[in-house]
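Trainee: Bring the two chains, given one by one in their own frames, into a single complex with the hints.
Protein chains in written order, with my numbering: chain A, 1 to 315; chain B, 1 to 296.
These aren't lab readings, by the way, just hints derived from the structure by calculation. Please read these numbers as outputs of a predicted model, since none were measured by experiment. There is no bait here: all hints are sound.
Simulated DEER-style distance windows between Cβ atoms: (1) B:Asp74 <-> A:Gln134: 19 to 29 Å; (2) B:Ser62 <-> A:Ser307: 40 to 50 Å; (3) B:Gly138 <-> A:Asp171: 47 to 57 Å; (4) B:Asp171 <-> A:Ile122: 48 to 58 Å; (5) B:Ala172 <-> A:Ile122: 52 to 62 Å; (6) B:Glu139 <-> A:Asp171: 54 to 64 Å.
Virtual Cβ for every residue (Gly too), placed ideally from N, Cα, C.
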Amino acid sequence: MTFGTAGIAEFGKALLIPLLAFLLFLGIWEFSAARIQTSLGAVPGPVEVWKQAVNLVDEHREERARQAAFYERQDKRNAEALAQDPSAEVHIRPYTGKPTFVDQILTSLVTVFTGFLIASLIAVPIGIVSGLSQTMYRAINPIVQIFKPVSPLAWLPIVTIIVSAVYVTDDPMFAKSYITSAITVTLCCLWPTLINTAVGVASLDKDLVNVGKVLRLGWFTRVWKLALPAAIPMIFTGLRLSLGIGWMVLIAAEMLAQNPGLGKFVWDEFQNGSSNSLGRIMVAVFVIGLIGFLLDLGMLLLQKKVSWDKEAVLR
Amino acid sequence: MTIEHLNIDHVTVEFPTPGGTFRALDDIDLVIEKGEFVSLIGHSGCGKSTVLNVVAGLLQASRGGVVLDGTEVDEPGPDRAVVFQHHSLLPWLTAYQNVELAVKTVFRGAKSKAEMRDWIEHNLRLVHMEHARDKRPGEISGGMKQRVGIARALAMQPKVLLMDEPFGALDALTRAHMQDSLMEIHAELGNTVIMITHDVDEAVLLSDRIVMMTNGPAATIGQILAIGLERPRERVSLAASAQYNHYRAEVLKFLYERQRRPGEAKAEAPAEKTAGESPLPQKSPDLKVVRDKAVA
Ligand SMILES: Nc1ncnc2c1ncn2[C@@H]1O[C@H](COP(=O)(O)OP(=O)(O)OP(=O)(O)O)[C@@H](O)[C@H]1O
Ligand SMILES: [Mg+2]
Numbered sequence: 001m002t003f004g005t006a007g008i009a010e011f012g013k014a015l016l017i018p019l020l021a022f023l024l025f026l027g028i029w030e031f032s033a034a035r036i037q038t039s040l041g042a043v044p045g046p047v048e049v050w051k052q053a054v055n056l057v058d059e060h061r062e063e064r065a066r067q068a069a070f071y072e073r074q075d076k077r078n079a080e081a082l083a084q085d086p087s088a089e090v091h092i093r094p095y096t097g098k099p100t101f102v103d104q105i106l107t108s109l110v111t112v113f114t115g116f117l118i119a120s121l122i123a124v125p126i127g128i129v130s131g132l133s134q135t136m137y138r139a140i141n142p143i144v145q146i147f148k149p150v151s152p153l154a155w156l157p158i159v160t161i162i163v164s165a166v167y168v169t170d171d172p173m174f175a176k177s178y179i180t181s182a183i184t185v186t187l188c189c190l191w192p193t194l195i196n197t198a199v200g201v202a203s204l205d206k207d208l209v210n211v212g213k214v215l216r217l218g219w220f221t222r223v224w225k226l227a228l229p230a231a232i233p234m235i236f237t238g239l240r241l242s243l244g245i246g247w248m249v250l251i252a253a254e255m256l257a258q259n260p261g262l263g264k265f266v267w268d269e270f271q272n273g274s275s276n277s278l279g280r281i282m283v284a285v286f287v288i289g290l291i292g293f294l295l296d297l298g299m300l301l302l303q304k305k306v307s308w309d310k311e312a313v314l315r
Numbered sequence: 001m002t003i004e005h006l007n008i009d010h011v012t013v014e015f016p017t018p019g020g021t022f023r024a025l026d027d028i029d030l031v032i033e034k035g036e037f038v039s040l041i042g043h044s045g046c047g048k049s050t051v052l053n054v055v056a057g058l059l060q061a062s063r064g065g066v067v068l069d070g071t072e073v074d075e076p077g078p079d080r081a082v083v084f085q086h087h088s089l090l091p092w093l094t095a096y097q098n099v100e101l102a103v104k105t106v107f108r109g110a111k112s113k114a115e116m117r118d119w120i121e122h123n124l125r126l127v128h129m130e131h132a133r134d135k136r137p138g139e140i141s142g143g144m145k146q147r148v149g150i151a152r153a154l155a156m157q158p159k160v161l162l163m164d165e166p167f168g169a170l171d172a173l174t175r176a177h178m179q180d181s182l183m184e185i186h187a188e189l190g191n192t193v194i195m196i197t198h199d200v201d202e203a204v205l206l207s208d209r210i211v212m213m214t215n216g217p218a219a220t221i222g223q224i225l226a227i228g229l230e231r232p233r234e235r236v237s238l239a240a241s242a243q244y245n246h247y248r249a250e251v252l253k254f255l256y257e258r259q260r261r262p263g264e265a266k267a268e269a270p271a272e273k274t275a276g277e278s279p280l281p282q283k284s285p286d287l288k289v290v291r292d293k294a295v296a
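Only chain B is shown next, with the shape it has when bound in the complex (with noise of 0.2 Å):
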């Protein structure tokens, strides 16, 4: 028997709240291969970031657990590298020192000095940010700043890199020109890659699996699409095809049709207006039939 590469294995997270025990996600299950690259794609709230936090370690589930290469996460660690949706560098170091910081921590006693700097700066080559080495990021753009980050997170090592809207906060020009960085990276280094987003495009031009989620609470999985559009892509020939536009048609249908916003959804459907408003102290049953009309 193989074993999987990451193992999202039945993952139920709760939050204890005033109003009693919140669940927001309920038996996620999922297996990642090596060098996938997996989009987690969903209305806002349903649970996209808990997702990847559990991943990252950075919050533990109720049930079910996450296993990488045979050991169980349970703490945050490098080999789970995190870009944050808003760049999240330290503002009072350099780009280079922030991605230094990483290395330093990461590689403390592998690798030499001399190692450490070209490791540092290749990473910053890697992102086309080695001329602004020397700034802080008060004193660069968004895009660069997410640049940066994505570095920071590469120089790691990660055996996954895990990404929380990583272009969400930049213009629609910069997003395509860090979309197609990303796509080099990845085709270079191979990594495994879960990122969320909330563009379709973006969904269906960079991943291998689209992962849909159902509108919260207890959110799950509700359709994986697999994208079966041959590497490198290209995005302005892709717009034409027509292969692209049914995959994008796919996810659109479940964002749109099957998977309403909770907002519109309220004045159809009052049954689910309690479902999607207030936390529920205990697995409804009541819930579950809702969640699974919207579903099916």
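For reference, chain A alone in the conformation it holds in the complex (with noise of 0.2 Å):
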């Protein structure tokens, strides 16, 4: 294999093409933030805002080795307590830190899979029942119209109140702030899965489904070998759309709600009005946007895992 002229032509537009622009992108950037001066000092140029970047790491380096030290510390104190009298009771504290950048990540990523997921759970099946059957499609359509522009933030009120009042035990696994943030995630994800499935199963070819019929197929075989490998590109489609919503969503919900998460953290960031501040809420905007960039790649890859079609231009 060499590397001819045209070889090096493919590289440069492959790498340095996005890498020129990049840099250009973060000239103007630099070059205009020092010139816009805020409450809070200027603007926090690409160089300010990599340094906060690794601020908030160690931050959490740090937060990390207190709270090891801190079990540490109260382990020793029962051991200590058990050998001078084995009946002793012993009290087992969780750590009560004030959560870092990385566990707000943490928090907001379960938070939109558990939405993500639930609503996928939901609005597959149903997709592939309403795109079976014309009955089915009618009776659900208005429902979905209906829902379907609904920003989600007008549901986290109504929903914030509901779980509130049912999800009441002594005892709870969850936060109500998790399943709250979750609920709502899973709210607008339900609508582009349910509709593209909807749309996928009900456009399987004409000769297929007559092949279907004159093998009288069973109910489960017909979905199973037919719908579903065919619905595969538009299902994709649907939950590709649904994540990248459902993680918007999240973020502004918990920007609202003051539910723990990324939202939360650019919120209290705001709130704080340091001179730090505005270098932190950027370095969260860009993880934000690499989260979902990462989500929409993550959901690609799997389609290209899942997809029969091995050969299809995925983008």
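Mentor: Below you can see the structure in the form of structure tokens.
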């Protein structure tokens, strides 16, 4: 294999152009940011934001170290107490530090996956059934059409109140805030998946439907062997749309409801208003964007794995 | 009294359209013997696929019906396997799996796993596709896809094999090849076959009888031509045979003199213009006259 000029040109197109564009973006940002004065000082440029990112990671490390030390002390104390008196009652208290940036990222990720998973488990089967049955489609259509355009943030108060009322246990396995956020994500992840699945299933080639009829395939085989494989691309289109929307909505919901997560981090920094706050918020913005991108990429890889058509161009 | 094998009994098909009911078929009446190879030929849009769909049970006749071995056909089933014009293989399954789906469904409980595997392989061999058994439809040529489609249909062990322009999308050479394969298979298995075709040579070469349909709307059987050529038939020697050319000429005469294409007829016979174009709400006596004129 030789790297001729063509190879270099290809390489340049694939890597150099995006890189140059990104550098240009950073340049414009650095240049213009310094010129905007706010109540919190100048808008941070890329260098400052990078510093804040390193800071946030350091803070996380310190917090973890403190947490480890706390548990160590507690274990030691308990061990000593037990050594003196084997019947002594030992207390294991959880560490109650402030959640770090990394903690908030993990919280948001877990929440978005929960909401997305619940939505998919509901939307795909309903989508399949309404794609197969005209009656079911007619039944479900008005509901979908009405709820689809509703901003999920409008759901938030309702969900919060209902969760507070319904989810009452002495020993909650999940935090209420987590459930509220997850359900809000679910409510907006439902529609794109449902609609795309239904359309994908309904647009199954008429000849293939006839093949199923001639073979007198049972309902289950028809779904499993005909409808589902045919609808896979559309289902994934729906899932990707849903996950993207779900991620956006979650951040907004966390800001609004003060539920733990990246949204709360952004809001707290905003309220905090220190000279570092703008930089830290910008780090969050980049992380939110990057995670959104990675989520979509993950779905794409999953689609490649599940899809029968390995040659299909996916983007 | 003996029961006919396949009786297409005075079948009339009407479609509801926004402009009223549209009569596609009018009183199609045909009895087919066991093992017979029948071709349906006629201009595009006359209703050939509609006839096939009624026999397949995919479409209900508005009047009349289809009786197969004494039982009325009222739903699709594997005893009337269909080979569709566009192969209609499941693109996500390999050739083997496509046939397997049919075999597993039709012979559930009747054949063991090993027997099923042998049967699938046997049918793929029959159409000379055993070498591509693990390829998906996207990876094989049009002719090969059509072969797999035929293997799938044959694997159902149907009483009647229904083929809707099975070779229409193939190039001439592949088509000739497929026709030879089909003749071989038909000689070996003796299935009853109804095949739709646009190709006069194909019809004469393969058929025991050629059913020629009049133009729609309200298409019906215009003429039936029995082909008395000895089997096995061989295309090269037949090309020079006077008998073969006589049959060929008969079909051509029907298609191009007595049943012009609707478009051509329009220019000459203004009466047919209305009949040919607008879906007629009711069985119109006018149309009947026009059509009879055209046939007679
Ligand atoms: N579902 C339907 N509703 C209304 N009209 C229909 C329907 N299906 C078929 N037709 C009409 O019935 C007539 C016969 O159609 P058909 O498909 O049987 O023709 P064909 O002979 O198979 O044509 P081709 O050779 O082009 O395949 C056509 O005029 C068509 O427009
Ligand atoms: Mg047709």
